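These protein sequence lines map, in sequence, to chains S and F.
Following my numbering, the numbering of the first sequence begins with 1 at its first residue and continues without gaps.
Following my numbering, the numbering of the second sequence begins with 358 at its first residue and continues without gaps.
The hints are simulated quantities; they were obtained by calculation from the structure and are not laboratory data.
All of these numbers come straight from a predicted model, not from anything done at the bench.
Beta carbons: idealized from backbone N, C-alpha and C, even for Gly.
Check the hints yourself; a few may be wrong.
[To be verified] A few chain S positions that, by computed beta-carbon distances, are all more than 10 Å from chain F:
#, residue
1, ILE70
2, PRO195
3, MET293
4, GLU323
[Claimed, not checked] Here chain S is said to cover these stretches of chain F; the calculated rule only asks that three of the stretch's residues, wherever they fall, bring their Cβ under 8 Å from a Cβ of chain S:
#, stretch
5, 415-426
6, 444-457
[Stated by the list, open to error] Under the rule of at most 25 Å between Cα atoms (straight-line distance), these lysine to aspartate or glutamate pairs were calculated in the DMTMM-like manner:
#, chain 1, residue 1, chain 2, residue 2
7, F, LYS394, F, GLU373
8, S, LYS107, F, ASP379
9, F, LYS406, F, GLU452
10, S, LYS45, S, GLU22
11, S, LYS301, F, ASP411
12, F, LYS436, S, ASP345
13, S, LYS45, F, ASP374
14, S, LYS185, S, GLU149
15, F, LYS394, S, GLU42
16, F, LYS450, F, ASP392
17, F, LYS436, S, ASP9
18, S, LYS45, F, ASP411
19, F, LYS450, F, GLU372
20, S, LYS157, F, ASP393
21, F, LYS394, F, ASP368
22, S, LYS301, F, ASP392
23, S, LYS330, S, ASP113
24, F, LYS450, F, GLU405
25, F, LYS436, S, GLU42
26, S, LYS41, F, GLU452
27, S, LYS301, F, ASP393
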Amino acid sequence: MNDVLYPRDYSMLGRDAKRAEEIGLSRAQWYAAPVPRARLKELMKRSDAPAIRDTIIWFASFAITAGFAIYLYPSLWSIPFFLAYGVLYGSSTDSRWHECGHGTAFKTRWMNDVVYHLACFMIMRPPTVWRWSHTRHHTDTIIVGRDPEIAIQRPTKIWGVIGGFFAIGQTKSALKSLYTHTRGKLTDEELTYVPEMERSRVYFVARIWLAIHLSVIALAVYLHSFLPILLVGPLPCMYGAWVYVMTGITQHGGLAEDVLDHRLNSRTVLMNPILRFIYWNMNYHVEHHMFPMVPYHQLPKLYEEMKPYTIPAKTSVVDAYREIIPALLKQIKDPSYAIQRKLPDGVKPLTQSLAAE
Amino acid sequence: MTQWIDACAKDDVAEEDVIRFDHAGRTFAIYRSPDDKFYATDGLCTHEKIHLADGLVMDNIIECPKHNGRFDYTTGVAKGAPVCVNLKTYPIKLEGTRVFINIA
């Protein structure tokens with residue numbers, strides 16, 4: 001690992017992508033906690049009921065917050081309802097995209113697909129491209145040059161991180177993607193992980209989305225009102241992104257790159273029930289990465305099973321940021337810095353275990 | 358040409374589950390369906406060579422443990438992204454308490 005050059009090259013086609021392939025960091029074997037197969041089977045079991053219940057609450061929350069926001073608009077009293085609606089639109093959709101993309105939220109496949117596509121539209125993530133990018137994220141988690149979902153690259157660009165809370169870069173990139181895909185093209189990076197047979201879907205969906213966005217703008221012009229664009233499209237995605245960015249940064253922020261052990265590059269954080277509803281339990285992130293087949297509603301139980309083998313969870317979002325913020329600040333000047341995590345006694349990181357053999 | 362190999366005992370595979378079976382440098386997955394029938398496929402996911410025996414069996418579907426790709430293990434058909442290439446299947450026969458797989 002002494003051959004690492006800084007700054008790292010995070011592109012999927014660059015120097016570190018080649019390096020990862022050459023030294024066996026890509027498609028490698030990862031540590032898995034020895035949870036008994038019988039118990040794992042119980043935890044992996046699928047059910048429609050929890051996600052149907054949560055989705056009914058989710059839709060009702062959309063209806064209530066949007067209803068009051070429209071009713072009270074343009075009064076200032078509408079602002080709290082727009083803010084709540086924005087969190088549903090721009091943040092809770094991140095976890096729905098994620099869980100339904102894995103196909104684990106519901107037992108029934110079409111239910112996963114419907115919520116997946118709806119969430120993708122709201123958070124402006126092309127469904128096919130993001131399904132494949134997330135597949136890569138699970139194969140090569142935080143492996144530089146291989147993982148297209150490394151949220152905070154080093155050295156830390158602090159204004160980029162702050163802008164992230166308002167989805168500025170995300171929206172810019174989403175609009176650029178929409179334009180590219182509508183023209184029947186993929187970026188060079190996307191071409192590395194979206195297979196040929198899936199590409200026509202990308203273009204088809206982009207054209208439908210463009211038609212919807214243009215219709216919303218046309219409606220706003222027709223009504224002489226900002227309401228349509230405050231409720232659908234890039235704006236709610238931006239003013240509601242902060243919760244998902246706040247929780248999302250806790251997943252891997254400040255932790256090691258290029259390690260083959262999710263306990264070293266991922267973080268589990270205990271959160272309150274409201275955040276866990278918005279986030280669909282993705283705060284149990286080490287557990288999710290190690291066993292992605294376990295549905296979100298079973299992750300608290302998996303967390304209990306894995307406790308003997310993992311690093312103690314951060315006790316709150318504040319607790320997590322107590323280690324993340326100093327680390328990100330340090331990484332501005334020292335991109336080689338990462339939070340060093342101590343594994344439970346007697347449990348070695350996979351990379352070290354292999355080296356010792 | 359047939360080449361029947363004694364793979365496991367029937368009781369080695371729980372109902373609606375899968376086990377790994379390695380033979381002559383190859384790896385296979387042996388399934389027991391909820392209606393108590395046995396099936397066999399290649400042992401590695403066609404997407405990224407992950408052992409399917411660590412996956413989840415649901416009715417006639419095996420789900421890969423790494424990326425949740427799904428196959429119909431009775432036919433080998435890939436059921437959608439991220440799996441795009443079908444799994445090879447193998448004939449099974451039962452003799453007494455044993456499960457045989459034809460790997461030819």
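Quiz item: Broken hints, numbered, in rising order?
Solution: 2, 3, 6, 8, 9, 10, 12, 17, 20, 22, 23, 24, 26, 27
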